[in-house]
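Q: Go by the hints and put chain B onto chain A.
Line order of the protein sequences matches chains A and B. Sequential numbering from 15 applies to the first sequence in the numbering used here. Sequential numbering from 62 applies to the second sequence in the numbering used here.
Some hints here could point you the wrong way.
Derived, one-sided and incomplete: chain B residues facing chain A with beta-carbon distance under 8 Å [said to hold, decoys possible]:
| hint | residue |
| --- | --- |
| 1 | G70 |
| 2 | G83 |
| 3 | L85 |
| 4 | R87 |
| 5 | L88 |
| 6 | G90 |
| 7 | L94 |
| 8 | P155 |
Chain B is nowhere near these chain A residues, computed Cβ spacing over 10 Å in every case [stated by the list, open to error]:
| hint | residue |
| --- | --- |
| 9 | L20 |
| 10 | S40 |
| 11 | T77 |
| 12 | G78 |
| 13 | T84 |
| 14 | A110 |
| 15 | S147 |
| 16 | D266 |
| 17 | L292 |
| 18 | N295 |
| 19 | V298 |
Please keep in mind that the hints were generated in silico from the structure rather than gathered at the bench. Given the structure is predicted, the values throughout are model-derived calculations rather than measurements. We put the CB at the ideal spot given by N, CA and C, even for glycine.
If you want the building blocks of each chain, they are given just below.
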Amino acid sequence: MPEAMLLGDLLRQMGISRRAFLKYASYMASLMALPPSVAGVMADGLAKARRQAVIWLSLQECTGCTESLTRSFSPSLEDLIFDFISLDYHHTLQAASGEAAEAARRQSMRENRGKYLVVVDGSVPTADGGVYSVIAGRTNMDMLAETVEHAAAVIAVGTCASFGGLPQADPNPTGAVAITKLVSGKPVINIPGCPPMPQAMAGTITHFLSFGTLPELDALQRPRAFFGETIHDRCYRRSFYERGMFAKSFDDEGARQGWCLYELGCKGPVTYNACASLKWNGGVSFPIQSGHGCIGCSEPRFWDRGGLYRPLSAGTTDVGKVIGIAAAAGAALGAGAAALARQRRASTSAKEA
Amino acid sequence: MELLDFARGTALAIAFAVFVAGTLWRLAGVLLLPRIRDFSPAREGAPPAMLGAVRAVLRRMWPRKEFVQATMFATINSYVFHIGLALVVFGLAPHILFIRNLTGLAWPALPSNLVFGIGVITLAALVGALARRLVHPVLRLLSHTGDYLSWLMTVLPVITGLLATSHLGARYETLLAVHILSVAALLVWFPFGKLMHAVLFAFSRGATGMRFSHRGVNV
Chain A
15 MPEAMLLGDL LRQMGISRRA FLKYASYMAS LMALPPSVAG VMADGLAKAR
65 RQAVIWLSLQ ECTGCTESLT RSFSPSLEDL IFDFISLDYH HTLQAASGEA
115 AEAARRQSMR ENRGKYLVVV DGSVPTADGG VYSVIAGRTN MDMLAETVEH
165 AAAVIAVGTC ASFGGLPQAD PNPTGAVAIT KLVSGKPVIN IPGCPPMPQA
215 MAGTITHFLS FGTLPELDAL QRPRAFFGET IHDRCYRRSF YERGMFAKSF
265 DDEGARQGWC LYELGCKGPV TYNACASLKW NGGVSFPIQS GHGCIGCSEP
315 RFWDRGGLYR PLSAGTTDVG KVIGIAAAAG AALGAGAAAL ARQRRASTSA
365 KEA
Chain B
62 MELLDFARGT ALAIAFAVFV AGTLWRLAGV LLLPRIRDFS PAREGAPPAM
112 LGAVRAVLRR MWPRKEFVQA TMFATINSYV FHIGLALVVF GLAPHILFIR
162 NLTGLAWPAL PSNLVFGIGV ITLAALVGAL ARRLVHPVLR LLSHTGDYLS
212 WLMTVLPVIT GLLATSHLGA RYETLLAVHI LSVAALLVWF PFGKLMHAVL
262 FAFSRGATGM RFSHRGVNV
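Only chain B is shown next, with the shape it has when bound in the complex:
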């Protein structure tokens, strides 16, 4: 139980501190940067800047039709594990209790067995994402240690969570402790790797949308 005590106490407290400080550091650092002003007049019929930003965020949820075929697997696989992760994180009763303890917010849980099934599918999709990264010649060249670390930090809580839920491989308190520690590791790594896209994607996509819509281009 000592490991579980450490995981539920000190480890989570440190992880949250690093996660919050790191995320705000990067976010404030990006958002407060001096902007390059565009003095050119907006193209006739160009939407307001904010609308252009929101449109780009929404439109880029799916690839342009020219690229659909080429990116079909990556797109669908990514949707599978992103939605899967969201359902697992926000749908399992013990996770809701964790969030309720932090924020006071709670909502009805999904059946545990259903979430377990979603977790298995999510894990398969994450393995698929890694396989693609390793097999695809261009993607493989572009990948660096940080990318693999981000994958590992994402997949570990899924694996350990599945083991803890099914009480497989070790005593429950050890499995639960390892699961919580893996979540703590994810939180610590989050601001420093590409996992930060969970926060930054809207800003980067929106900024691109603003610039291009000003010039009358739909991205």
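This is chain A alone, in the form it adopts within the complex:
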């Protein structure tokens, strides 16, 4: 396929009608909370877009992000990969391997200098010179630095790439860090989640292709359109929360009746993601609908925040020992003060006598 071909031409060749294309643009615009009038602009922008070169780096990761995205429903990454973008390098999906794969990455970087997108899943180990994750004999740190140098933007996919994720969990033996810690001077967008929602990924790339810019981001550099509201805000069990009806265990009557999972450690109230509104597997369900509380996987350090099953209102540290020591110290201080008072009284009585 010629790189110079416009996306609109490509889709026409593939038999995709203008109507279907507009429908897709409308869906994407509404998904990203853009005004309806933007759908036409987005469709025009997409039609005029040239194939976007994308280099996908899989660093210290589990491939769950790729699994999630490639198994998604429309608008899916397959649509994007095979119709919209030119995925020049991806360990799991590309046919080439070894030196040929590395050559493909370098060629793409050369030919699309300053224009290509770098998508990263997985965190970057930095301890001991970064030896804990190596690709083609090069550390992740080294490969990332080389690849992002002339990139147009970097998209960190998944919580590991966005915030360090599981590899960064205490005690973080590999010194894992998020992409933002190592990339400077480039726009970096985070699409966290373990795994992230495919619509967020598709929406971000579509926005970039249509308008040439990244969508509006929140303080953690996540697209507001997908991470602007909490799971709790859109949860269908919210009414039970308001009424104070909580499941006490995963198999009690409350759980069967679909009551709120707050007491079972649900992190929905403090987790920003679109799971509750867009849902997974083509809108079939999401974790809370399947009976498990949200674990807050799209938030930084979700693994180290006091346990997945500890309710949000409970403290995160075991204060038993602290209270024990404080009680002993307080009682000793009080006894000491009383003893001093007794001593003073005795000496006063002796003087009076």
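A: Frame of chain A, contents of chain B only:
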């Protein structure tokens, strides 16, 4: 979320340490003081000392009838916010979870909306208590910074709790963090101000009851 992590972790741990150490310090310091012995014989018909103490604690739950009229507002208003605070603290599901995490004890929760309503009434009663303190000429003269600080430390968790429950004014994690921090501030201040009356009232009232019942006086 960083503020919430701090509130749920370090802040609460420090607050509990200060609360427990401070409360026991004051309690032990008072209870272990040398007692002034009363060598006089008890008045005929005087109840045992402990009974006199318990009677005084219970009787003084309501003012003597001579003072009922004069103290009606203060008495009823105080009951409203004391009972309100107890229902909010021990009736809301998230609070019970907090206590369960600390002690292992749990009990059925009240409906959240009901507790929210009680919280609003409690807040109104606390504002009423402050207004009375500011308006009443004698009470105003008697009040010092510590009294206002005790009021503030009590009212802040109520306000922040209402905001957190209704998700009003900021993101939930910020509201929850601020609420937990306000509770931490209350715990830290508790032993050093008049909030300590929650523990000491029974001892001071009981001691008075003991002395007076020994002399045949019902207080």
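Q: Compare the structure with each hint and give your call.
A: Against the structure, the hints come out as follows:
The closest approach between the C-beta of B/G70 and any C-beta of chain A is roughly 5 Å, which is under the 8 Å cut-off, so the hint is satisfied. The restraint placing B/G83 at the interface with chain A holds, with a minimum CB-CB distance near 6 Å, inside the 8 Å limit. For B/L85, the suggested interface contact is upheld, since its CB lies about 3 Å from the closest CB of chain A, less than 8 Å. The restraint placing B/R87 at the interface with chain A holds, with a minimum CB-CB distance near 7 Å, inside the 8 Å limit.
Satisfaction of the interface hint for B/L88 is found here, the shortest Cβ-Cβ separation to chain A being roughly 6 Å, below the 8 Å cut-off. With its C-beta approaching chain A no nearer than about 4 Å, B/G90 sits inside the 8 Å limit, and its interface hint holds. About 5 Å separates the beta-carbon of B/L94 from the nearest beta-carbon of chain A, less than 8 Å, and the hint is met. Among the interface hints, the one on B/P155 holds; its C-beta lies about 4 Å from the nearest C-beta in chain A, closer than the 8 Å criterion.
With a least beta-carbon separation of about 42 Å from chain B, A/L20 lies farther than 10 Å from that chain, consistent with its non-interface assignment. Taking the minimum C-beta to C-beta distance to chain B, about 30 Å, the non-interface status of A/S40 holds against the 10 Å cut. Look at A/T77: its CB is around 27 Å from the nearest CB on chain B, clear of 10 Å, so calling it non-interface holds up. The Cβ of A/G78 lies farther than 10 Å from every Cβ of chain B, with a closest approach of about 22 Å, so its non-interface assignment holds.
Listed as a non-interface residue, A/T84 keeps its Cβ farther than 10 Å from every Cβ of chain B; the least gap is roughly 30 Å. Every beta carbon of chain B lies more than 10 Å from that of A/A110, the smallest distance being close to 41 Å; the non-interface claim holds. No beta-carbon of chain B is positioned within 10 Å of the beta-carbon of A/S147; the least distance is around 27 Å. With a cut of 10 Å on Cβ distances, A/D266 stays outside the contact zone with chain B, its closest approach being about 13 Å.
Distance check for A/L292 against chain B: the nearest CB is about 20 Å away, which clears 10 Å, and the non-interface claim stands. With a least CB separation of 27 Å from chain B, A/N295 remains clear of the 10 Å interface cut-off, as annotated. Chain B leaves A/V298 outside its interface by the beta-carbon criterion, the shortest separation being 27 Å against a cut-off of 10 Å.
Consistency with the previously given hints is maintained throughout, with no hint failing.
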